[in-house]
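Undergrad: Kindly produce the complete structure, drawing on both the sequences and the hints.
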Amino acid sequence: MVSFSTGFADKMRERLKKYEEADRTEVSAKVKVVVDKLDDLASTARGRNPHSWSADENGPSPLEYFISALGLCQCVHYAEHAAASGIRLESLRIEINGDFRVTRPRSLKKLEYTVLIQSPEKLDVIRELALKASADCYVTQTLKRACEVRGHLLLNGVDMGEIF
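Residue numbering for the sequence shown follows my numbering, starting at 1 and increasing by one per position.
Hint data in this document are derived by calculation from the structure and do not stem from the laboratory.
Each hint can be trusted.
In silico lysine-lysine, PhoX-like type, Cα no more than 20 Å apart, as pairs:
{"id": "1", "residue 1": "Lys32", "residue 2": "Lys144"}
{"id": "2", "residue 1": "Lys144", "residue 2": "Lys110"}
{"id": "3", "residue 1": "Lys32", "residue 2": "Lys109"}
{"id": "4", "residue 1": "Lys109", "residue 2": "Lys30"}
{"id": "5", "residue 1": "Lys132", "residue 2": "Lys144"}
{"id": "6", "residue 1": "Lys30", "residue 2": "Lys144"}
{"id": "7", "residue 1": "Lys110", "residue 2": "Lys32"}
{"id": "8", "residue 1": "Lys109", "residue 2": "Lys144"}
{"id": "9", "residue 1": "Lys30", "residue 2": "Lys110"}
{"id": "10", "residue 1": "Lys18", "residue 2": "Lys30"}
{"id": "11", "residue 1": "Lys122", "residue 2": "Lys132"}
Computed Cβ-Cβ distance ranges for the label pairs, DEER-style:
{"id": "12", "residue 1": "Thr44", "residue 2": "Asp159", "range": "18 to 28 Å"}
{"id": "13", "residue 1": "Ser85", "residue 2": "Ser3", "range": "46 to 56 Å"}
{"id": "14", "residue 1": "Arg24", "residue 2": "Arg145", "range": "21 to 31 Å"}
{"id": "15", "residue 1": "Val27", "residue 2": "Gly86", "range": "44 to 54 Å"}
{"id": "16", "residue 1": "Asp10", "residue 2": "Ser91", "range": "38 to 48 Å"}
{"id": "17", "residue 1": "Tyr138", "residue 2": "Ser91", "range": "17 to 27 Å"}
{"id": "18", "residue 1": "Met1", "residue 2": "Gln118", "range": "47 to 57 Å"}
{"id": "19", "residue 1": "Met160", "residue 2": "Val2", "range": "43 to 53 Å"}
Ideal placement from N, C-alpha and C gives every residue a C-beta, glycine not left out.
TA: See the structure below:
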């Protein structure tokens, strides 16, 4: 049997009150996740959400886990294409920022991600890699059907524009 402590039940009542208040007005919030590519297929994701509806929860929120899937999935595709083509990457990081509706219907409004790559490769090689990783990513393509998704590429600290 699943049981709930009195303290937990009280916290959930307070949380639901906040949602009810938010439902009366248009309330949006932000979420941020950073994904770093490690060796082979390994990657790490960290949530950066400064605001939590439940202030004493530890670890990433479910929404942070959800949007981190975009960066984690793209890292897999960057790895497969870079390894297969001999493309050298010194570092790869994907920063994802999302806007979401706190009011009903609760949903993502927009995701913007920035791919930060350090590499000795030429711009056209890295741009093609970025396009392939984005196009092959199930998560990116699925999220594009649900909300606005925009990607940006920075190569060696220089803004290379949008990834379509």
